[in-house]
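*Asks:* The residues making up each chain are set out below.
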Amino acid sequence: MMPATVTLRLPRADAGLALLLAAIVVVLIGAWPERADLANASWYPVAVVRTSGLLLWGWLAGTAMEPGRPARRASLTRLGVAVVATAPLEALAFVGSAPSASLVWTLLVPLPLAIGAYGGAWAMSAALRRVRLGWSLPLASPLVVAGLAWLDVQVGPPLWLPWLLPSSPSPAAAAVNLAVALVTVVAASGPWLRGRGTP
Amino acid sequence: MPPLVVAGRLARSWWPVRAALVAFVLVCSGLVAAQPRAELMLGVAGAPVADAWNPVRAVVRDAPGAVLRMEIDAGGLEHGEVPQRVTARAAPAGGVQRIDLDVPFPSWRRVSWRIEQGERVLASGGLGARERDDRPLHLVVSARPSLWADAFGPEARVVVATAADLPARAASWDGVATLLLDGTAAAPADAVVVTAAAAGVRVLLPLGGPAGYAPLTRLVAPGPSALGAGSLEGVPAAELAAGRLSSTPVPAWGREARRAAVVAAVAALPAPTWDHLPKLLVAGVAVGFAALLWTLLWLGGPAGVASAALVVVAAAVAVPAAGPSDPEPRTRGAVILASNGLGVRTELVALARLPEGASELDGRFAPLELRRLAWADGRTVVPLPAGGRTRLRGAPEVVTVPDDVREATGVRGDAPEALRALVPSGGSLVRSGGDWWLLFPSPAAAASSGDAAGPAPATATVRGRP
Chain A
12 MMPATVTLRL PRADAGLALL LAAIVVVLIG AWPERADLAN ASWYPVAVVR TSGLLLWGWL
72 AGTAMEPGRP ARRASLTRLG VAVVATAPLE ALAFVGSAPS ASLVWTLLVP LPLAIGAYGG
132 AWAMSAALRR VRLGWSLPLA SPLVVAGLAW LDVQVGPPLW LPWLLPSSPS PAAAAVNLAV
192 ALVTVVAASG PWLRGRGTP
Chain B
15 MPPLVVAGRL ARSWWPVRAA LVAFVLVCSG LVAAQPRAEL MLGVAGAPVA DAWNPVRAVV
75 RDAPGAVLRM EIDAGGLEHG EVPQRVTARA APAGGVQRID LDVPFPSWRR VSWRIEQGER
135 VLASGGLGAR ERDDRPLHLV VSARPSLWAD AFGPEARVVV ATAADLPARA ASWDGVATLL
195 LDGTAAAPAD AVVVTAAAAG VRVLLPLGGP AGYAPLTRLV APGPSALGAG SLEGVPAAEL
255 AAGRLSSTPV PAWGREARRA AVVAAVAALP APTWDHLPKL LVAGVAVGFA ALLWTLLWLG
315 GPAGVASAAL VVVAAAVAVP AAGPSDPEPR TRGAVILASN GLGVRTELVA LARLPEGASE
375 LDGRFAPLEL RRLAWADGRT VVPLPAGGRT RLRGAPEVVT VPDDVREATG VRGDAPEALR
435 ALVPSGGSLV RSGGDWWLLF PSPAAAASSG DAAGPAPATA TVRGRP
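Chains as they are written, first to last, in the numbering used here: chain A, 12 to 210; chain B, 15 to 480.
No wet-lab data here; the hints were simulated from the structure.
Label pairs and their calculated CB-CB ranges:
| no. | chain 1 | residue 1 | chain 2 | residue 2 | range |
| --- | --- | --- | --- | --- | --- |
| 1 | B | Pro397 | A | Pro168 | 22 to 30 Å |
| 2 | B | Asp340 | A | Pro78 | 49 to 57 Å |
| 3 | A | Ala183 | B | Ala305 | 32 to 40 Å |
| 4 | A | Val164 | B | Glu169 | 51 to 59 Å |
| 5 | B | Leu306 | A | Val164 | 38 to 46 Å |
| 6 | B | Ser339 | A | Ala26 | 37 to 45 Å |
| 7 | A | Ala186 | B | Ala107 | 45 to 53 Å |
Backbone N, C-alpha and C fix where the C-beta goes; we use that ideal spot for every residue, glycine too.
Taking the hints into account, I'd like the entire structure generated from these sequences.
*Replies:* Printed below as a string of structure tokens:
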């Protein structure tokens with residue numbers, strides 16, 4: 012991923028955004044009905060792809076361990092830009108499908124989710140590197156993701172699962188994801204972490 | 015002292031106790047009389063018919079605002095529980111109040127009902143699967159009903175009724191095949207008899223009878239005739255006295271033809287559609303938006319970011335225009351089987367729904383397939399999944415045939431084959447608005463085609479839709 016324009020603190024497009032936009036566009040076109048007598052059910056696959064893509068982006072960016080506060084801020088900003096840039100495509104699918112779901116929820120929930128994923132991955136990779144197990148990151152990542160998914164299935168209302176979260180708004184998911192995202196933002200901006208690369 | 019004198023004194027000394035007892039009994043009987051009461055009758059003459067519309071009458075006394083709740087389980091081993099719920103309210107007034115409605119009874123597994131006022135249940139009851147019977151009724155209004163026990167065949171479901179049992183609405187006659195009045199019991203109103211015939215019932219009336227039957231005997235004096243979807247036929251006095259029916263039924267649409275016409279017409283009902291944006295347009299807009307946005311962000315800088323923000327804002331403003339104008343499209347139609355100026359009309363509705371939820375229709379409609387739904391206060395509530403569809407039929411109602419339809423002849427070439435197959439030789443199949451009119455051959459047309467339809471139209475006053 013390209014670094015942010017450091018001087019102006021402005022984000023720039025990169026391959027990750029291109030991939031995400033392309034995936035959403037392909038799914039949107041593929042799911043849009045060809046005939047008027049077919050029901051438009053394009054929103055759900057688009058929402059799943061967008062939420063999953065942003066979640067994956069946040070997780071991968073978190074494991075990249077970019078040193079320094081500006082780099083971390085740039086990563087989070089890029090996530091925010093990706094959430095905003097992909098929102099109109101999901102809104103288009105939502106309006107066309109008229110589902111019995113919340114548009115505000117489905118557009119906004121990927122932001123704290125992706126930032127939380129960034130924070131979680133960042134914390135995990137930092138902890139592994141501190142105990143000199145950085146080499147196990149490719150193995151630990153899927154294990155942790157699978158564990159979190161299992162935990163989400165067990166606890167009741169969906170908190171993280173991207174194929175359930177867009178259509179299942181809940182105060183618990185909002186609270187958990189906002190709290191994790193807030194902690195991540197504070198930790199990424201904190202002066203006490205400057206240059207160390209640990210949360 | 016003589017014993018009688020002693021008894022008299024004792025009686026005089028106990029009179030306050032007796033008076034108190036009498037007063038107590040009077041108060042108790044008053045309280046009992048003041049208790050709200052409720053009762054329910056299902057079906058014509060208390061005989062509900064499965065797979066048919068049935069009259070439901072609840073009578074409540076001194077229970078303002080009483081509510082009738084009925085749950086019909088239309089499920090079975092294969093589908094599990096499929097509840098269909100009915101809710102109807104009595105007027106919020108004292109005295110005797112009636113709730114009269116027609117309910118489409120499926121082939122039920124269980125029917126349970128209760129009449130309640132607030133938290134208090136005034137009456138309740140139910141029907142089990144063993145009481146389910148889909149055979150149509152042969153109603154006999156007679157003071158000698160035993161005479162007619164075998165007149166309709168060994169498998170027939172013969173039910174004895176009184177004139178007061180006969181419903182006035184066409185939908186209530188859905189489960190009735192024959193109505194026989196032999197002139198020995200009180201006569202019903204002629205409008206009730208005409209409604210029954212128009213709804214598809216074979217009505218058998220005495221050719222002569224007591225004075226109260228004069229309006230009815232006049233209906234069959236010119237001879238047997240088809241009327242609406244049914245027929246009016248006279249029965250000679252000799253047959254009435256012997257308790258046998260020897261005459262062959264007059265050619266008419268009949269109950270089965272009416273049901274077949276509904277099935278054929280609902281299959282021909284255009285499917286409701288959504289006005290989605292064309293896929294090509296959506297593809298162009300989505301690709302263009304993504305490419306433009308990415309390029310602007312790739313260029314970077316304040317100008318690029320500001321332009322990208324403007325593009326996002328413009329997209330957000332334009333997105334609402336992509337929605338379908340009606341997320342719950344519906345198509346409506348009707349099929350009418352008519353003869354001699356009267357017809358029975360069944361409204362048909364096909365509805366679809368993009369979002370998951372419940373669609374509401376004014377009036378009571380019956381599903382054409384097994385599904386859960388509710389009828390509440392004169393409305394039909396149909397829960398549907400996202401993108402779900404269903405077709406429903408309304409309650410039959412009697413209508414008069416308009417002049418433009420009456421004068422039309424022949425069978426439309428673009429009519430559905432299943433409907434065309436129902437029309438007998440000499441009959442007509444007319445499209446008027448969204449309605450299909452199936453006209454039984456007039457007596458003249460029937461005579462010219464060698465048919466044996468009745469010679470003269472029956473005329474009677476009946477409330478109908480023009």
